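Visitor: Protein chains in written order, with our numbering: chain A, 1 to 646; chain B, 1 to 646.
Just so you know, these hints were derived from the structure itself, not from any lab.
Among these hints, one or two may not hold up.
Repeated chains share a single entry, so a pair holds when one copy, or any two copies, can fit it.
[What the hints assert, rightly or not] In the DMTMM-like style, the derived pairs of lysine to aspartate or glutamate whose C-alpha atoms are separated by at most 25 Å in a straight line are:
(1) K173 - E294
(2) K184 - E315
(3) K120 - D338
(4) K280 - D143
(5) K159 - E118
(6) K377 - E165
(7) K377 - E57
(8) K71 - E57
(9) K263 - E57
Owing to the predicted nature of the structure, the values given are computational and were not obtained by experimental measurement.
2 protein chains.
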Amino acid sequence: MSSVQITFLPANMSIPVPRGESILRAAMAAGVHINASCGGEGVCGKCRVIIEEGSVEGEPSERISAEERVKGYRLACKTFVRTDVKVRIPVESVIDASVLRRKSPRRTATVHQIGFEEIKQQGLFVPAVEKVYLEMTPPNTQDHLPDVTRLVNHLRVEKNEHGMEVELPVIRKIPSVFREQDFKVTVTLVRPVRSSGKTQIINVQAGDTTAHNYAVAMDIGTTTVYGQLVDLGCGRVMAEHGEFNAQISYGEDVITRIMHAEKPGGLNTLQQVVIGTANKVIEAIVQESGVSRENISLITLAGNTTMTQLLLAVEPRYIRRSPYVPAASIYPPIRATDLGFALDAHVTALVYPQVSSYVGGDIVAGVMGSGMYRTEKLTLFMDIGTNAEVVIGNKDWMACAACSAGPAFEGGGIQFGMRAAKGAIEDFSINPESFEPMLMTIGNVRPKGICGSGLIVIVATLFENGVINHQGKFNRDLATPRIRENNNVYEYVLAHREATQIDRDITINEIDIDNLIRAKGAIYSGCMTLLSEVGMSFDDVEQIILAGGFGSFVDLERAMIIGMLPEVAPEKVIYVGNSSLLGARMSALTNSIRQQVVGVTNMMTNFELSETPSYYDNYVAALFLPHTDVGRFPRIKARLEELRRR
Amino acid sequence: MSSVQITFLPANMSIPVPRGESILRAAMAAGVHINASCGGEGVCGKCRVIIEEGSVEGEPSERISAEERVKGYRLACKTFVRTDVKVRIPVESVIDASVLRRKSPRRTATVHQIGFEEIKQQGLFVPAVEKVYLEMTPPNTQDHLPDVTRLVNHLRVEKNEHGMEVELPVIRKIPSVFREQDFKVTVTLVRPVRSSGKTQIINVQAGDTTAHNYAVAMDIGTTTVYGQLVDLGCGRVMAEHGEFNAQISYGEDVITRIMHAEKPGGLNTLQQVVIGTANKVIEAIVQESGVSRENISLITLAGNTTMTQLLLAVEPRYIRRSPYVPAASIYPPIRATDLGFALDAHVTALVYPQVSSYVGGDIVAGVMGSGMYRTEKLTLFMDIGTNAEVVIGNKDWMACAACSAGPAFEGGGIQFGMRAAKGAIEDFSINPESFEPMLMTIGNVRPKGICGSGLIVIVATLFENGVINHQGKFNRDLATPRIRENNNVYEYVLAHREATQIDRDITINEIDIDNLIRAKGAIYSGCMTLLSEVGMSFDDVEQIILAGGFGSFVDLERAMIIGMLPEVAPEKVIYVGNSSLLGARMSALTNSIRQQVVGVTNMMTNFELSETPSYYDNYVAALFLPHTDVGRFPRIKARLEELRRR
């Protein structure tokens, strides 16, 4: 999409935005405040702007009279730029131009996933599954070798392949398939993990089908199951699909799922339910890609420890009981149909290993998929969801832990918290004088609640602007009706009921803020504890890898302001998206991951934070904005001091 | 059973027999002829003898008057010896004493199966499956290793076990089993075939169950399925059972079974049917031994190529079509429940490899189980059933072939042929002057037909006594009503209708004899061809191993007289019984068999006799009694010359 330049007046602030962007979103991106309460649905009528130059489009609004329209008045949220434009923010909705610069533009992490070309250049493109076309000599009266022996001999003599293993289901196909095209066949080989291991022949097809060799990569999340269909010939993702994990009906989090699994028949139910979801995902990506199922050779799977055990129908009872012991770290290759996957009988399922009960295969997949296991840089890997798992280290050593962050980042424990879905407040700005809000929702509709990234922005912005203090308490002296006491709890009104979808005021209160502080404190202190246990500090960290659906939306500056992330240069922060899915895909494309994952998993020293003596002190110290010791955040400290001086 | 001495008068011929033996059987064993037509049922009344000394028992018979009884008259077939006895054969049923010695006593092969002590002494007692008892340290707050990791580490540190593999079904059991007796468990290990391979943990049980570790060894025969329950701790066979293979309803021989398998659904039906039979056998031996199924760790299987493919549901279509190609030689270990065996989920099925379409796993099992693969002696191994498979060689080389012997030895193609079952004529003698027969049937009942070993004895005896000539044709000049022409075919009446169970005369005719000659000719010429292809002759053979249900009953001298076996000293002939079952049992007890069987199988050079140029000439030359070149049988030649001189 091409870019156009948008300039906000009177501040004379310009930024490039994609053609077609709404003026309200452009303002938020530029750090320019426009009052807006309805999330961008066009009902509150507060975000009036005047188009002074350039071309825009957008339907007329009841909130703008015909006369005003002629003068260039528009609602910022419902007006979209077509060319370079100059937009004036009218006096009633604009604040002193000099304070505009108080808010830095939103800065998210650089998105980086290892590309196919990159792994190819590094010689890592060796799919776990390979197809080889063979033209064998048919048997005759002088040569009646058994079919399988003929195949194995041909592979040895013509292809220098040794140590072949052929499972019974393949043997069953061989006699007829060999004779379909006169002993011209394509065999599918699964490479061994260890070089001393055997190569498995998992499929045989008549004729040359080498051009069609696919894998399914899948992330089995507590909330969502994502799948990708990957072309093993060229590494391309041909289709991707996600579905809510149908296990949600049996509990939102892993603990309630485990409790359900402990009931009679519960484990089998949960296993079948998640396989049902996975099969929907497979159906969708097979349909979308138009690939024939018989050419899918592999499914690679990553999930947290509980999800993995439920997927494999391995009793998860002891995951939730001290001393929190998972059943296994490493799982062998499994026939996909044995688990109920709607894939052909020859498909092998490879499952990522687990480190501990709360650092699971999704994290190991992230470490492998993000390339952390190959880097020399001291890396802090963070996957933030219901729990936040962190890994610190590089190719030589790793320490990891699960931080009991609680569900705040997914909307749990927050009055108006919700998942990142349509209607969730995802961005926020405040008029530093009137304290009137500017809200942006997912889907530009009237707000229903607050998602995790929105929560961080809201709290950071309130703190930056002195609306709340270091302890997350509201400044009782501010003269604004937006701050009020409700049942002995102070709150800030984000949107009044008439501007919401839920017919209630949407607010954020001190309990919500406290929950967020506990959550970010758990993550920060978890990282700090890991670092200090290995004799290091945040200063040594050379890069941060953020993972999880959440990570892409986090405003890094805001996350540092609240002390969720350590203060580092934003360019050191990489966002890799769903790293569990990435790791699953990478292990299909590069067999060296399978070869190294066991070593990496064994290398990952797990810390149970609750049993690590220094953790509690670190945690308590982190229950401030940004931290008890603000000296750890020199940039933030300077900014806050500058802001407060005004 | 204790022995007593029986002396026949007037010949004054003594032999030891078991106390309780019938006088008729004792006479047959001694080579003393007594006319007897009803097989030993006591109805023909011809086998009258006089007890002159000693004590016998037996019910009175209508055929012996009270007066005669007082004089010592008895029916030989219904009178059983209790002490040393002297028995006179009355003048009307006895022949000239001087010719009595014309018939040598029956001489069967020495039965020899490798004993448990023998394999133990040779260091070969290393069961493929072993149980190990472990007392692990339970997890605690400082040690939350995953259960499987704890197990693998314990095995490495405490038992020096490396390279462990744990399949998913075992992982599923581990969490609860570990906690049943506080991490005191017994694990079942399957040893790898190659030393570089991994040891599989296939089961885990709470507490110490090492004293209970069993295997099922099974021979999947075309006609019969035999199973043994073997104690892997001491090598003892705890129970044995055989059932007719229920596939018989779909065809008596492998060819008709293959044809059925080619029909839609046919293969699955045959697979399920044979598994049904196998499960009956398992049920019987489990019941008989009182063993708990959860302590059965292994099932070892041997069968011919067709039976193996049907058992494994591998399309057998190309076994019966030139160039006669089986699907596979080597099959991987298979989960027993995947095949439908009524065994626990952890049980592994090991299947003997095949050499070719007609030299199958039963023969390989025989070669392994009989110890042929370890001997330096040049050995001729023969398994005689519907087809006769022969293997020649020793530990350094082997050549094998299937001889199209046809079903004559199992009663096929013989007018009154039948399997070795109650009522089958199994032994035969002839009065060299009157040509009256002496018949012995299985079960001592009136005859219904002739079984394979009976057929050999009948033809050999007729030939020895000049009733038939070298070509198997009756001497038309003999003055006896027993020889007659019937529909242009000469025949000998073995039993008149009133002495049979079938209300018809039981005869043997020239067509029957011709079929037998073709069958024995196929075996002899097959062996000869194999030997000449490797530049050897029968003179080089140091031992003959006979296998198959049939082999135990074959009178070696008679088999040599008809030229079915080469002329060797009888003590060189060993009978090993059901060698397929023996091989299955041995592979459960000694893992070195599994380690070496692939090498042995690959070493077994298969000859398709029909495509070996020298075979046809050898075959034609063998279509005589004993052979065109009687010089190959010097002992027989001398005997015949002596007999004919009289």
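Visitor: Does each hint fit the structure? Answer for all of them.
Guide: Results of checking the hints against the structure:
no., hint, result
1, K173 - E294, "within (13 Å within a copy, 33 Å between copies)"
2, K184 - E315, "between (46 Å within a copy, 19 Å between copies)"
3, K120 - D338, "neither (33 Å within a copy, 40 Å between copies)"
4, K280 - D143, "neither (48 Å within a copy, 39 Å between copies)"
5, K159 - E118, "neither (28 Å within a copy, 45 Å between copies)"
6, K377 - E165, "neither (40 Å within a copy, 34 Å between copies)"
7, K377 - E57, "neither (48 Å within a copy, 99 Å between copies)"
8, K71 - E57, "within (15 Å within a copy, 134 Å between copies)"
9, K263 - E57, "neither (58 Å within a copy, 71 Å between copies)"
In summary, the numbered hints that this structure violates are 3, 4, 5, 6, 7 and 9.
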